[in-house]
Every structure is written in structure tokens, then in C-alpha cells.
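Undergrad: This is what each chain is made of:
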Amino acid sequence: MKRFVGMWLVIGAVLVGLVGLFYAFYALAALGAKGAVALGFPGFYGSAIVNAVTLMAVTLMTVAALLTVAERKWSAAMQDRIGANRILVGGKFALGGVPYLLADALKMLTKEAIYPVARSRFLFEAAPVLAFAPTFALFAVVPVGPEVRALGQTVGMWVANPDAGLLWVFALAGISVYGTTLAGWASNSRVGMLGAVRASAQMISYEVSLGMSLVGVMIAYRTVSLQQMAIAQGADVLGPIPALGLLLQPLGFLVFFTSSFAETKRAPFDLPEGESEIVGYFLEYSGMKFGLLFLAEFVEVVILAAVTTAVFLGGWHPIFFEGWLKANLDPMLFGAVCAAAFLGKLILLTWIQLVIRWLLPRFRYDQIQGLCWKLLLPGAILNVFVTGAAVLVDPSLQVLAWIGVAEIIAIFGITLAVSKPKAAHGGHDHGDAHGHAAHAAGH
Amino acid sequence: MAKDTDNLLVVPAAPAESPLDAPFPSKRMLVNLGPSHPAMHGTVRAVVELDGETIHGMKLDIGFLHRGFEKSCENVTWTQVFPYTDRLNYVSSIMNNVGYAMAVEKLCDLEVPERAQYLRVLTSELHRMCDHLTLVSAMGLELGAMTVLIYGMEARDLIWDRLTELCGARLTSNYARVGGVSRDMPEGWGEKVERTLERTAEMVDEIDRLLTRNRIVIDRCRGTGVISRADAIDYGFTGPCLRASGEPYDVRKATPYLVYDRLDFDIPVGTNGDNFDRYLMRMEELKQSDRIVRQCLAQMQPGAIASDDPRFVLPPKPEVYGSIEGAMAHFKIIMEGIKVPPGEAYACVEAANGELGFYAVSDGSGRPYKLGVRAPGWNMLMALPQIMEGRMLADLIPTFDTVNMIGGEVEQ
Numbered sequence: 115m116k117r118f119v120g121m122w123l124v125i126g127a128v129l130v131g132l133v134g135l136f137y138a139f140y141a142l143a144a145l146g147a148k149g150a151v152a153l154g155f156p157g158f159y160g161s162a163i164v165n166a167v168t169l170m171a172v173t174l175m176t177v178a179a180l181l182t183v184a185e186r187k188w189s190a191a192m193q194d195r196i197g198a199n200r201i202l203v204g205g206k207f208a209l210g211g212v213p214y215l216l217a218d219a220l221k222m223l224t225k226e227a228i229y230p231v232a233r234s235r236f237l238f239e240a241a242p243v244l245a246f247a248p249t250f251a252l253f254a255v256v257p258v259g260p261e262v263r264a265l266g267q268t269v270g271m272w273v274a275n276p277d278a279g280l281l282w283v284f285a286l287a288g289i290s291v292y293g294t295t296l297a298g299w300a301s302n303s304r305v306g307m308l309g310a311v312r313a314s315a316q317m318i319s320y321e322v323s324l325g326m327s328l329v330g331v332m333i334a335y336r337t338v339s340l341q342q343m344a345i346a347q348g349a350d351v352l353g354p355i356p357a358l359g360l361l362l363q364p365l366g367f368l369v370f371f372t373s374s375f376a377e378t379k380r381a382p383f384d385l386p387e388g389e390s391e392i393v394g395y396f397l398e399y400s401g402m403k404f405g406l407l408f409l410a411e412f413v414e415v416v417i418l419a420a421v422t423t424a425v426f427l428g429g430w431h432p433i434f435f436e437g438w439l440k441a442n443l444d445p446m447l448f449g450a451v452c453a454a455a456f457l458g459k460l461i462l463l464t465w466i467q468l469v470i471r472w473l474l475p476r477f478r479y480d481q482i483q484g485l486c487w488k489l490l491l492p493g494a495i496l497n498v499f500v501t502g503a504a505v506l507v508d509p510s511l512q513v514l515a516w517i518g519v520a521e522i523i524a525i526f527g528i529t530l531a532v533s534k535p536k537a538a539h540g541g542h543d544h545g546d547a548h549g550h551a552a553h554a555a556g557h
Numbered sequence: 024m025a026k027d028t029d030n031l032l033v034v035p036a037a038p039a040e041s042p043l044d045a046p047f048p049s050k051r052m053l054v055n056l057g058p059s060h061p062a063m064h065g066t067v068r069a070v071v072e073l074d075g076e077t078i079h080g081m082k083l084d085i086g087f088l089h090r091g092f093e094k095s096c097e098n099v100t101w102t103q104v105f106p107y108t109d110r111l112n113y114v115s116s117i118m119n120n121v122g123y124a125m126a127v128e129k130l131c132d133l134e135v136p137e138r139a140q141y142l143r144v145l146t147s148e149l150h151r152m153c154d155h156l157t158l159v160s161a162m163g164l165e166l167g168a169m170t171v172l173i174y175g176m177e178a179r180d181l182i183w184d185r186l187t188e189l190c191g192a193r194l195t196s197n198y199a200r201v202g203g204v205s206r207d208m209p210e211g212w213g214e215k216v217e218r219t220l221e222r223t224a225e226m227v228d229e230i231d232r233l234l235t236r237n238r239i240v241i242d243r244c245r246g247t248g249v250i251s252r253a254d255a256i257d258y259g260f261t262g263p264c265l266r267a268s269g270e271p272y273d274v275r276k277a278t279p280y281l282v283y284d285r286l287d288f289d290i291p292v293g294t295n296g297d298n299f300d301r302y303l304m305r306m307e308e309l310k311q312s313d314r315i316v317r318q319c320l321a322q323m324q325p326g327a328i329a330s331d332d333p334r335f336v337l338p339p340k341p342e343v344y345g346s347i348e349g350a351m352a353h354f355k356i357i358m359e360g361i362k363v364p365p366g367e368a369y370a371c372v373e374a375a376n377g378e379l380g381f382y383a384v385s386d387g388s389g390r391p392y393k394l395g396v397r398a399p400g401w402n403m404l405m406a407l408p409q410i411m412e413g414r415m416l417a418d419l420i421p422t423f424d425t426v427n428m429i430g431g432e433v434e435q
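From first to last, the protein sequence lines are chains B and Z. So for the first sequence, this note's numbering puts the first residue at 115; every next one is plus one. So for the second sequence, this note's numbering puts the first residue at 24; every next one is plus one.
What the hints contain is simulated information worked out from the structure, not anything from laboratory work. Think of the CB as a built atom: it goes at the ideal place given N, C-alpha and C, for glycine as much as any other residue. Honestly, I wouldn't trust all of these hints.
So the derived label-pair ranges between C-beta atoms look like this [said to hold, decoys possible]:
{"#": "1", "chain 1": "Z", "residue 1": "Arg232", "chain 2": "B", "residue 2": "Leu216", "range": "36 to 44 Å"}
{"#": "2", "chain 1": "B", "residue 1": "Ala524", "chain 2": "Z", "residue 2": "Gly191", "range": "54 to 62 Å"}
{"#": "3", "chain 1": "B", "residue 1": "Pro356", "chain 2": "Z", "residue 2": "Glu40", "range": "33 to 41 Å"}
{"#": "4", "chain 1": "B", "residue 1": "Ala524", "chain 2": "Z", "residue 2": "Asp44", "range": "45 to 53 Å"}
{"#": "5", "chain 1": "Z", "residue 1": "Leu194", "chain 2": "B", "residue 2": "Asn199", "range": "24 to 32 Å"}
{"#": "6", "chain 1": "Z", "residue 1": "Thr66", "chain 2": "B", "residue 2": "Tyr229", "range": "50 to 58 Å"}
{"#": "7", "chain 1": "B", "residue 1": "Ala278", "chain 2": "Z", "residue 2": "Asp44", "range": "42 to 50 Å"}
{"#": "8", "chain 1": "Z", "residue 1": "Ala192", "chain 2": "B", "residue 2": "Lys206", "range": "32 to 40 Å"}
{"#": "9", "chain 1": "B", "residue 1": "Lys206", "chain 2": "Z", "residue 2": "Gly395", "range": "56 to 64 Å"}
If you want the ones that stay clear, here's a sample from chain Z, every Cβ over 10 Å from chain B, calculated [to be verified]:
{"#": "10", "residue": "Glu76"}
{"#": "11", "residue": "Val99"}
{"#": "12", "residue": "Pro209"}
The shape of chain B in the complex, shown without the other chains:
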């Protein structure tokens, strides 16, 4: 009970802290806008530059770095361990393992960089950057908070708001393949090469289903801009229930989440790494170059959670009491609450990813392709047609929402039906005869 209450206290404190943080970010963005106006540029130039620092360099990197610690601590919690607690600040306080963040960074930076002799010099150096930069830049289009009036300026909590928001996501996700592929290729190691081939095959395949799964969302909201999508998800569709992507596109959500999970190359999709098979495409990397490849994975996890939040979980809409909040709060504070809600959803999604990552074993190379081409892609295409037909019949999205409700019920039903063991013990899906049938032959 004490732990339970403590947990909620911590979550509450984190959310309040995030509100305060984003209040400050809004103020900074407004100041940036003011500065830009004073220099004779449009206001959003200034706010975009400030947001690039506050959102990408501070928020994204902090979340990604904290994720490395969270992964250690959460995996430990799942495995009845304590986890990272050896660094004691002041000889006394482990601080939940957070100091490991600094220790890891210091270790990566000061480690000896070892270069394979037969490497391809330029590509070897470029690969970690090519892996890291595109994933990092993806965050630019993610709308963290709404557009509000702050300090006399209209500012939004995003770096850029291109009309082609989702296309930017696809484009950069496509480029990040190069980093991993070239890392394996350039290190001129057979095992690294195997990892690189696996990575490229997997990521290119999953990009297809990734893109296709979002077509339904584009049809439903009639936009490809992430900002517009976030706004559209605030409108009510079934009575008081807002038109969340999760409600309208449950199938699309599942396909997107699975595909983007595959894009992050973490278990159960960690074949390019496959640490017990081929060790991975970054086998020959050491020091901070490895660190960059490693961090790129964590950044990808955060980005995936951010895009999923923006497209499927209502973006920055706090959903509960939104009308009241908007009516009674100062616009800047309302914006901060919205941004904190976004971060809260993002953290929830990263946590789900951690649970999956530490629970499931790894697929095999051909199974992963089968999953993509035989299950996810047909599912996504079906979703596109169903969505298109539903929107054509009823542009108010009501029909689509009811279809979504039916899909959610069906998904739950199937999950419940499948998760029930068939036999009293040890039954499995195949239903064919196995070891237990032939007990005690030696009697």
C-alpha cells in the first residue's frame, strides 16, 4: 500500500514538474518570438530556434538518456533484481540509479576507440551519425503542445510544422536505415555484415506497413500534418468521447505500433543486433561511436512513442476535463498542462515498450518477414479500404468510430480466447501430440 501510494505520488510530482517545465518552455519560446520580431523576422523563427533547444536537445535527449536508466531499473523490477544502485551520491544516496546516466556517458566518451584495419574509413565514421541524426531530426515535427498566446506572441510547442508532417516522418525513418546498414558494411566484418543485411531487410519491409498503417489516419483526419491531426483528435465523435486515433483506427494503431517497434530494432525485433546470435551490426564499434548507435535506439524509442501519441493517443489533448481547463486556466498554463499530458502519454508508451522488450524472445529472420508481409501489411491495407469506405459513407466519422469500437472488442475477444490454455497443463497452439501425451513409457 505504501509503495502504491508512493508510486502515485511520484507520478503526480513528475506531472506537476512537467507542467512547470513546459510553462517555462512556453515563456522561453515567447521570448524567442519577441526577439525575432524585434530583429525584423517572423515570430515563429525565434520560437522554432528556442524550441529546437528546449524540445530536441533538452526534452528528447533527457528522456532518451533517462530511458537507459529506466530500462535498467524496470528490467530489474521485472526480474526480481534491484538494478543499478552502485553509484552512491555523497556515499549514501543511489537516487534510483540516475547517476548512471553520467557514468555511462563518461565511460563512452573516454573509452579507447578501436578501429578495424579493413574498415571503409569514411563510411565507418559516418554511419553512427547517419543512424543518429535522422531519428533525432524526426522529433522536429512532433507537436508537443498546442498553439497559445503567451507574452503577447502566438507560440506553439514544436520546432517545425510542415504541411507534409507525416511524409517527413516517413522520409527520415527511411534514411535511418542507412546508418545501420553502413555500420555493418563499413566495419568489414562478416558478422556485422549479417547484421546489416538483416537490419536493412527488416527496416525496409516494415517501412511499407508503417506507411500503409498511417494512410487510414490520413483519410480519417484529411491531413498529413501532425499538428492538424492533434487538433482533429480533440473533436467529440461519439457523445463526449473525442475522435482519438486509437478509437478510429485500432487496427492501424496495432500495425503502426508493431511496425515502428520493428524500426527501433529492439526485442522482439532485435535481429540486427541478435546479441546471442551475431552480436550485431555495431560489433566493431567502440567508445562514443558505439554510444551514438546505442543512443540512436533509445531516441528511436522516444520518437516512436511521440509519433504514436500525436497520431493515435490524442496528441497534447489532456482528454479529461479539457473544456474546463481551457476555460479556467491562463492560456500559457493550459498549454503547459497539454504539453505535460503529451509527455505523460509518451512516458506511458515508452514504458509499454520496455515491458514488451523484456518479456518477449526474438523472432527469426524469416518469421519477421512473414509477420510483416503476411499479417501486418494485409491488415494495414484492409484498414485503408475500411476507413476509406466508412469516411465516404459518413464524413462525420461516426461510422468509423463504431467500426473502431467493434474492432477493439474483436481484438480483446480474440486475445482472451487465444490466451486461455487449451489443456489443463502445457497445452500449446499447435494442438499436435507432444511429450506429455506419452508419459511413463518406462513403467
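Following the hints, position chain Z against chain B.
TA: For chain Z alone, coordinates are given in the frame of chain B:
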């Protein structure tokens, strides 16, 4: 590298299917897995020839853990061999102790007291559980489900704690002696073991829920690493791997030794001979070992834990310090070793991996003239190249796990 792989059959890849097909030049890739590789536990090297991800030819290179076990044993007294046997299958050392002790006792024609027999069975089965837990959890780890490993290790460490209380060491138990065992159960140990078994069963259930019906595990293990019943017999498979292929052979049932004929237990038998069946064998044997241990604890009577034959067994300590005969016998056994009558004998036990046999030759002196070991893992390992031919590289990992090659035992 070229030298290591001379024996590999290198054939041109992708032969044209019809005479009009344009030749598509490609090369196969040789990849060295091991000796230091995360999946090649026990330092073995596998040189695999890959066409894409498909294995075409595989060569196993063992010997990185070779310690000259058999030869070393000729230089020490019969009793001093026991610590060496600990290092064979180091996860379940008591079964090695027992197997060796049985071979020597056969030579000496020595009767072991009943309580010692029960203790041997009890500790053997506890160690069998350790071995199977290690295998199942390591398989989970190498398939990518690391959480399973930690659950398995927790259960295994609980059992090791009990064995530490009994014989003073977690890993190298050195528990059996010629004519009996080294120590009796501490007070209250039996109840503690039962409580440990309950906790272990919970962990096993947890692992079972995580793995047995897991779609990915089934996909990875079902139908991979298949060996037919006939092939398994031809290769000399024993133990869970043979039973997974459908042959109900278990030394404990075929030629019951110690007190196994008084215990009620089943041996699981599979049908497919694939990785999944081999995994299921282990999960079921964990439950059967649990049964055996409980029965042993219930049936055991107080009594001597070692034979009182002064030729082979050390006299009790009060006699050593209190009488000249005792001190003399102690000195002779320690310095010269027990005088095992000349002859040769083979004794085998059902170890965690299969039939573990010890072939001992004595010339009547205090040291073994020759000692041979039939390691169960060897046969399974040698079948690996055939099992893996034409399969995918990723299949090698669970297969290598479920045949359970233990370096210490294969490379004596």
C-alpha cells in the same frame, strides 16, 4: 582461416535450375562462431558456411576446455578423483560423483548403506533440477527473453543454497565417496528442501507460462533442430534428447540403480525430436525430480551414510585420534589410496544430459590404472552439423541450447 575450414565442403552456391538460367555468381560466407561467443557457452567453436542465412556445412571445433581429465585421474588416488569429476558437468556435479563412485564400488564389490543411497538419489535429483533450470533459462536468454534467465537462476540458486548447506559448496560439491557420501543432512534440512521445492515449482510455473505457450518460442523451437528417432539412436543419443525423439530410454528405468526402483516417477517421452520437445522434456523432468526428492525425504530412514569396510572407507574421527589402528588406516588410505581390487568395471547413471558412464580399470594399486568417461553431451554435439544442415543460422542457437553441450564434460 582457410586452414580451419579445409574440411568444409565448399560447393558453388545457387546452381542453375534449368540450362537456360544465367549463372548467378555468388559466394558462400564462412562465419566463425566462437570460441568466445555469447551463444557458444562452454567455449566451443563452430565454423559455419552460410548461404545468406542458411547453413550449408558446419564444423565443430572443440578442445578449448580440454583439461586432460582422464589422464590426470591416473596420477591421483581413487578418492582424489572425486573433485575432478565435479568439473565434468559442472552444473550438476553430484551426478558425476555418484557415477564415478558406483564404478569404483563395482570394482570393490562394496555395498552402500541405504541412507547413503537415498542421499545420493536425492542430491542427484536436486542437481538434475539445477541442470534443467540452467538449460531452460539459458535457452530463454539466447532466444532473447532475458527475464526467464533470471527466474531460472533464482530457482537454481535456492537449490544450490540447500546443497551448500549439505556439502559446503555451490558448484563443486565433491559429495559422494567410495562406499557412501561425505556428510549427512543437517538438522531441519529436509523441511527446508521441501520449502525450496515449493518455491522452485512456482518459478518453474512462471517460466512455463512465459515460454511454453509463447507464440515466438513455439515458432522458434517447433520443427527446428529435428532429429529422428533412428538417427538419434545411431548417434548414441541418451537422456532427454533421445526421449524427445520418441525413444523411452532412461537408465533409471532401464537398469535401476541405487534406490530408483523404489521410487515412483515417470519419464516424459516426446514425439517430434525438435527443440520444443527437448524443452518440454526438461520442463516435465523438473516436476518429476521434484516428486523423487519428496519421496526420498519421506522414505529415508536414519542410519549410516557410509560403508564401514575399513579397506575402502576412512575410519570415524574418534578412532583416528584415539587408536593406533584407526590412525594407521587413515594414514594408509590418505597416503596410498584405497586398494581397489584389480579388474575393470563400467557403471553409468542417468545424468541430466543422458547416460554418464565411468569405465574404471584397476591394477590393484591406490590409483586408477585407466579411467574412461562416456560423456552424454559428446554424441549430441557430434550430431549438430547434421541437424543444422540446410537450416537457418538463427536455429543454431536454440538447438545448441537444447542439446546442452557442456564443455567440461565433452572435453575431458
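Undergrad: Look at each hint and say if it fits the structure.
TA: Hints, verified against the model:
1. Z:Arg232 <-> B:Leu216: 36 to 44 Å: 38 Å, holds
2. B:Ala524 <-> Z:Gly191: 54 to 62 Å: 60 Å, holds
3. B:Pro356 <-> Z:Glu40: 33 to 41 Å: Once the Cβ atoms are compared, 58 Å apart, the range 33 to 41 Å for Z:Glu40 and B:Pro356 is violated.
4. B:Ala524 <-> Z:Asp44: 45 to 53 Å: With Cβ atoms ~47 Å apart, the hint holds.
5. Z:Leu194 <-> B:Asn199: 24 to 32 Å: Because 27 Å falls inside the window, the suggested range holds.
6. Z:Thr66 <-> B:Tyr229: 50 to 58 Å: At roughly 27 Å between Cβ atoms, B:Tyr229 and Z:Thr66 fall outside 50 to 58 Å, so the hint is violated.
7. B:Ala278 <-> Z:Asp44: 42 to 50 Å: Cβ of B:Ala278 to Cβ of Z:Asp44: about 44 Å, so the range 42 to 50 Å holds.
8. Z:Ala192 <-> B:Lys206: 32 to 40 Å: Since Z:Ala192 and B:Lys206 have Cβ atoms about 36 Å apart, the given range 32 to 40 Å holds.
9. B:Lys206 <-> Z:Gly395: 56 to 64 Å: 59 Å, holds
10. Glu76: Z:Glu76 not clear of chain B: closest Cβ-Cβ about 5 Å, inside 10 Å.
11. Val99: Z:Val99 clear of chain B: closest Cβ-Cβ about 37 Å, beyond 10 Å.
12. Pro209: 27 Å, holds
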